[in-house]
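Engineer: The lines below spell out each chain.
There are 2 protein chains.
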Amino acid sequence: MDNWLCKQARLSPDRIAVTDGKQQLSFQALATDAGHIAGQLTANNIPAQTRVAVLANNTLAGYRIAMALLGSGRTIVWLNKRLTTAELLREFVDCQASTCLVADDLWRTDFPEAFIQFSVLLATAADPESLQSDFDLPQVASIMYTSGTTGAPKGVLQTFGNHYNSALASALNLGLTPNDDWLCAVPIFHISGFSIMMRGLIYGMTVRLTERFDAEAINTILVNEPVTAMSVVPYMLKKLLAFQETNSAPYNAHFRTMLLGGGPIDRTTLKRCEQLHISVVQSYGMTETCSQIVALSNQDAAAKIGSAGQPLFSTQLMISDDNEILLKTPALTPGYLNRPTALFDKTTADGWYKTGDVGQLDDDGFLFVDGRLDDMIISGGENIFPDEIEAVYQNCPGIRDIAVVGEPNDTWGMVPVAFVVADEPLDTLTFKQYGRDHLAHYKVPKRFIAIDALPVNAGGKVQRVVLRKLL
Amino acid sequence: MDNWLCKQARLSPDRIAVTDGKQQLSFQALATDAGHIAGQLTANNIPAQTRVAVLANNTLAGYRIAMALLGSGRTIVWLNKRLTTAELLREFVDCQASTCLVADDLWRTDFPEAFIQFSVLLATAADPESLQSDFDLPQVASIMYTSGTTGAPKGVLQTFGNHYNSALASALNLGLTPNDDWLCAVPIFHISGFSIMMRGLIYGMTVRLTERFDAEAINTILVNEPVTAMSVVPYMLKKLLAFQETNSAPYNAHFRTMLLGGGPIDRTTLKRCEQLHISVVQSYGMTETCSQIVALSNQDAAAKIGSAGQPLFSTQLMISDDNEILLKTPALTPGYLNRPTALFDKTTADGWYKTGDVGQLDDDGFLFVDGRLDDMIISGGENIFPDEIEAVYQNCPGIRDIAVVGEPNDTWGMVPVAFVVADEPLDTLTFKQYGRDHLAHYKVPKRFIAIDALPVNAGGKVQRVVLRKLL
Numbered sequence: 001m002d003n004w005l006c007k008q009a010r011l012s013p014d015r016i017a018v019t020d021g022k023q024q025l026s027f028q029a030l031a032t033d034a035g036h037i038a039g040q041l042t043a044n045n046i047p048a049q050t051r052v053a054v055l056a057n058n059t060l061a062g063y064r065i066a067m068a069l070l071g072s073g074r075t076i077v078w079l080n081k082r083l084t085t086a087e088l089l090r091e092f093v094d095c096q097a098s099t100c101l102v103a104d105d106l107w108r109t110d111f112p113e114a115f116i117q118f119s120v121l122l123a124t125a126a127d128p129e130s131l132q133s134d135f136d137l138p139q140v141a142s143i144m145y146t147s148g149t150t151g152a153p154k155g156v157l158q159t160f161g162n163h164y165n166s167a168l169a170s171a172l173n174l175g176l177t178p179n180d181d182w183l184c185a186v187p188i189f190h191i192s193g194f195s196i197m198m199r200g201l202i203y204g205m206t207v208r209l210t211e212r213f214d215a216e217a218i219n220t221i222l223v224n225e226p227v228t229a230m231s232v233v234p235y236m237l238k239k240l241l242a243f244q245e246t247n248s249a250p251y252n253a254h255f256r257t258m259l260l261g262g263g264p265i266d267r268t269t270l271k272r273c274e275q276l277h278i279s280v281v282q283s284y285g286m287t288e289t290c291s292q293i294v295a296l297s298n299q300d301a302a303a304k305i306g307s308a309g310q311p312l313f314s315t316q317l318m319i320s321d322d323n324e325i326l327l328k329t330p331a332l333t334p335g336y337l338n339r340p341t342a343l344f345d346k347t348t349a350d351g352w353y354k355t356g357d358v359g360q361l362d363d364d365g366f367l368f369v370d371g372r373l374d375d376m377i378i379s380g381g382e383n384i385f386p387d388e389i390e391a392v393y394q395n396c397p398g399i400r401d402i403a404v405v406g407e408p409n410d411t412w413g414m415v416p417v418a419f420v421v422a423d424e425p426l427d428t429l430t431f432k433q434y435g436r437d438h439l440a441h442y443k444v445p446k447r448f449i450a451i452d453a454l455p456v457n458a459g460g461k462v463q464r465v466v467l468r469k470l471l
Numbered sequence: 001m002d003n004w005l006c007k008q009a010r011l012s013p014d015r016i017a018v019t020d021g022k023q024q025l026s027f028q029a030l031a032t033d034a035g036h037i038a039g040q041l042t043a044n045n046i047p048a049q050t051r052v053a054v055l056a057n058n059t060l061a062g063y064r065i066a067m068a069l070l071g072s073g074r075t076i077v078w079l080n081k082r083l084t085t086a087e088l089l090r091e092f093v094d095c096q097a098s099t100c101l102v103a104d105d106l107w108r109t110d111f112p113e114a115f116i117q118f119s120v121l122l123a124t125a126a127d128p129e130s131l132q133s134d135f136d137l138p139q140v141a142s143i144m145y146t147s148g149t150t151g152a153p154k155g156v157l158q159t160f161g162n163h164y165n166s167a168l169a170s171a172l173n174l175g176l177t178p179n180d181d182w183l184c185a186v187p188i189f190h191i192s193g194f195s196i197m198m199r200g201l202i203y204g205m206t207v208r209l210t211e212r213f214d215a216e217a218i219n220t221i222l223v224n225e226p227v228t229a230m231s232v233v234p235y236m237l238k239k240l241l242a243f244q245e246t247n248s249a250p251y252n253a254h255f256r257t258m259l260l261g262g263g264p265i266d267r268t269t270l271k272r273c274e275q276l277h278i279s280v281v282q283s284y285g286m287t288e289t290c291s292q293i294v295a296l297s298n299q300d301a302a303a304k305i306g307s308a309g310q311p312l313f314s315t316q317l318m319i320s321d322d323n324e325i326l327l328k329t330p331a332l333t334p335g336y337l338n339r340p341t342a343l344f345d346k347t348t349a350d351g352w353y354k355t356g357d358v359g360q361l362d363d364d365g366f367l368f369v370d371g372r373l374d375d376m377i378i379s380g381g382e383n384i385f386p387d388e389i390e391a392v393y394q395n396c397p398g399i400r401d402i403a404v405v406g407e408p409n410d411t412w413g414m415v416p417v418a419f420v421v422a423d424e425p426l427d428t429l430t431f432k433q434y435g436r437d438h439l440a441h442y443k444v445p446k447r448f449i450a451i452d453a454l455p456v457n458a459g460g461k462v463q464r465v466v467l468r469k470l471l
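Sequences listed follow chains A and B, in order.
Per UniProt numbering, the first sequence runs over residues 1 to 471.
Per UniProt numbering, the second sequence runs over residues 1 to 471.
Simulated from the structure, these hints should not be mistaken for lab results.
C-beta: ideal position from N, C-alpha, C; glycine also.
There may be inaccurate statements among the hints.
What the hints assert, rightly or not - Calculated cross-link-like contacts (lysine to any residue; reagent style SDA-like; alpha-carbon spacing at most 20 Å): (1) A:LYS239 <-> A:ALA450; (2) A:LYS328 <-> B:GLN132; (3) A:LYS354 <-> B:ASP2; (4) A:LYS328 <-> B:ASP136; (5) A:LYS328 <-> B:SER279; (6) A:LYS22 <-> A:GLY39.
What the hints assert, rightly or not - Have a look at the derived ranges for each label pair, beta carbon to beta carbon: (7) A:GLY21 <-> B:ASP266: 36 to 46 Å; (8) B:ASN395 <-> A:PRO13: 26 to 36 Å; (9) B:GLN23 <-> A:MET318: 48 to 58 Å; (10) A:ASP104 <-> B:ALA391: 56 to 66 Å; (11) A:ARG82 <-> B:THR50: 41 to 51 Å.
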C-alpha cells in the first residue's frame, strides 16, 4: 500500500489530522513535518529501518515524532513512562533500538547518553527527507511491551496489517463519518491510544490529544469542541459522568460514542449514561490484537449487563474445553520480539490464539469474560474468579479497594481470600455477611486482610502474584 | 473468517438485509432461508464446492439464491441475461458449472435440460442444511465474464478477499452509518450490483432491490423510503434529475450519495445535482477490481471536471511510460478462469496490473481517464481518444448518437472518422465546423458516416471493433 501519511496528505490534505486544542496540523502539514523530522532523525545518527524507542506523553511533539518514525520506515518501540529507569533500560536493550527519544518533561538524570530529548531532536538543523513510498502490511510498525502481571515483559510486534485490520473492524462496528474526531486521553504508548492515532491515519480522521485525564477539562472539550468519539476505561467514564451531572451543558451534538475498554460497565453506570444520552460501546481486546476485537453496542448493553459483546466482523472466537477464550483475527500479532516460540506456545494445533482469559458465550453469541486463567481459584471443584468477587465488593461500605486471590486449603484445595484497603479497621463479620448476601457461599472470601495499598504494575493492573506471595 | 451471512445473523439479526419494497428479510431470516435453499440445491444434485451459473434479474428470489450459494460454499457464476443462448452456453461450458439456475421470467425454450428454474428449485422438498462455517479470503466467491468489446469473454475470478477489500475501501471513502440502505437498480449479475450485495453482507446494511430502472418509480422510492445511497451510470442519473426537477418532493432526509460509475459527469449535470442538493461521488473501476478503486468526492467535483478522482485508500495507481493506467489493489482478481497466463500477460514485471485504459494524473493526484488503449488513434504523432470527441459531439445539434474510430490514412497514419445516428441527413459541413469550435483541429473527424444504430455488446458498450470493420 501507499504510505498512509502520504496517502492522506493527498486524499484529505486540508483535514485536521491532530490538534491539542491550541495548535493543529492538517494531513498535508503533518506529512511535510514528518519529512522534516525524518531528516533530523538521520542527522542524529538514527538510521532508517531501525527500531526507535519512544518515551512520550500525549503531546503534539510525541504525535509528530511518532508519525515521522512510521512514515520514514522506522519502527516505534513504545515505552511506558511509569516504568523505573532500570525497567526501561531492560526493554531498551531487549529491542536493540538505535536510540530512545524522550519527551522533555519525562527526562530523567539517570538516562544514558544514547537517549535524546525531543527538543534536541527537533532543534537539529537538517534537510527534509522523502518519506518511505510504501507501507507493506506484514512490516512491523510498532512494538509494545505487555505490562504482564507475571513474568518478564515481552515485546508485542504490531504490523501495519494488524493496525489496518483493527481500524477497519472498528469502522465496521462503530461506523465512520466524514466529521469523525476522536479524543485521545488514554496514553499513546498503550494500544488504546496508539490505535486512535492509527485510525486517524487510516480514516483521514482528526485526533484530539489531551496530555492527561482531567475530567473537568475533558468535559469542557466534549461540550465545546466537535469531538465525536472518546476512548475511556470505567474509572474515566464515571468521573466524566459526574461532571455531566453537575449542571454541565450536554456534549456537542456530533458526539456519538464512548468506546469503553478495561472491563464491563455496571447497571448503575449504564443507567446514568442513558439518562445523559451518552452512548457507550463496551469492548474487549489486548495489546496482542491491536485493540478491541469484541464489542457490545449501546443498544444491547441493558440486555447483556456484564458482557463484552460479540466478536467484531473479522474476528472469530471460541471457548476451549477448559473455558479459555480462543481467537482468530487478522489483527493478531505475528509474535513477540526475540521470543520466536512465545506465540507458538499460546496457539492451539488448529491455529487459535489462547488469550489466557476465561469466559463464556451465551446463546446469542455474547462473550462474558470471567477473568485471567492464572487468577482462577478452583475451590471444591468450583471455578471462582477474583474479578467477580471484587466487583461485588466495590459497593460494600467500609471497603475502599479490594483484591482477591486463592489460598491453599486442605479441605477445598483453594479458598478465596481478600486484601482490603480501608480507612477503618476491617469489620470482617459484616464483610462476610455482605458477601453471603450477594455471592454464592463458596465465593465469599474466607479471610479479609488489611493492606495499605494494592500492588499495581506500570499499566495500573493489580499484581495478584505479589499478593499471593504475601500469604 | 466466519461465514459472513451467519456472522450478520448474529451481529445484526433483526436488521433488514434485503427488501424489494413488498417483502423483506432480516439477516437472521436470510441465513435461515439460505440453509433451506442449500438443502434444495443438494436435493437437485447440485453438489457443494461446485460452480453454479445464475441467470437472474434483481429480484428477491435471485438475491436469496445467490446468498444460499455463497453461504453454502458454492461459487456463483453470474451470466448476463442479454446474451444469446449460444453465448450463454459457451460460458456455461467454459466454467464447468454443475447447473444454471434461471429466473422464471428469463427462461428460454432452447435451454438445455441441465438448467433449472428458480421456482422448481424453491419448490423442492428438502431438509435445511448447515451453512459453511468459514469464508476463506483466498476462496473464489464469484465469477463474472467480462463483456469485452474485443475477443472472447473471460471469466474473472473474484475472491471473498477481493470483495472484502473492495467493500472496506468503499467504506473508508464514503463513510458508513448504522442506517445505510443502498438501492440496487444496476444488475446484480454485474459487479456494480453484486458489489452492493456484498457490501450489504459485510456492513450489515439493507439492500433495496428494484427489478428494473424505471426513473419515475425510483424517484418515488428515493423520496419515500429510507434509502441512503444508490449506484448509477450517467444515463440513469440524468433521467433521475429530470424527475426531481419536475415538482418532485426532495429525496428522503437520509439520502447521502449517488455513486456514479461508467464515465465522468459533465459540468451541466453537476450543476443540476448541486441545485437539487444531490451529492455525487464519481468513480472508476472494473470487474477485475471488484468495483470502484478510484473515486471523486462531491466536494472536489467542480474543481476536477472530467476526473475519475483519486485512488482509494488501499489502491496504488501509476501511469506507465505509454500512458496506460497501472494498478495495485487487494481487490484485484487473482486471475481468469481456465486462462492461467491471462493475468500474467496483463501484469508488469513489478507486479502492476495493466488496465488497458489510458489516462493522466494531475499534480494533485487526480486521475483523468482518456479511453481504451485499443481505441486510441495515433494521428500525425498525436494521441486521440474517441471518448473525448464523442463527449463533445453529445451536445451537437442534429446528432443523436456518435462513435469515433480510427481510419488508416497515408498522410497522418490514422485519422478519426465518426459514425453518426441522426434523424435527418447528415450536415457534414456544420458538424466539422462544430468540431473546429470545440476541439483541436486534428481531433475533428475527417468523415461522418450515417448509421441506423451503433453496435453494442451485452454490457451496452459500443463495439468500436465492429465499426472499424465497416470502414
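Engineer: Now tell me if each hint is right for this structure.
Structural biologist: Hints versus structure:
no.	hint	in the structure
1	A:LYS239 <-> A:ALA450	27 Å, violated
2	A:LYS328 <-> B:GLN132	17 Å, holds
3	A:LYS354 <-> B:ASP2	18 Å, holds
4	A:LYS328 <-> B:ASP136	12 Å, holds
5	A:LYS328 <-> B:SER279	39 Å, violated
6	A:LYS22 <-> A:GLY39	26 Å, violated
7	A:GLY21 <-> B:ASP266: 36 to 46 Å	44 Å, holds
8	B:ASN395 <-> A:PRO13: 26 to 36 Å	34 Å, holds
9	B:GLN23 <-> A:MET318: 48 to 58 Å	35 Å, violated
10	A:ASP104 <-> B:ALA391: 56 to 66 Å	59 Å, holds
11	A:ARG82 <-> B:THR50: 41 to 51 Å	59 Å, violated
Of the hints listed earlier, those the structure fails to meet are numbers 1, 5, 6, 9 and 11, in rising order.
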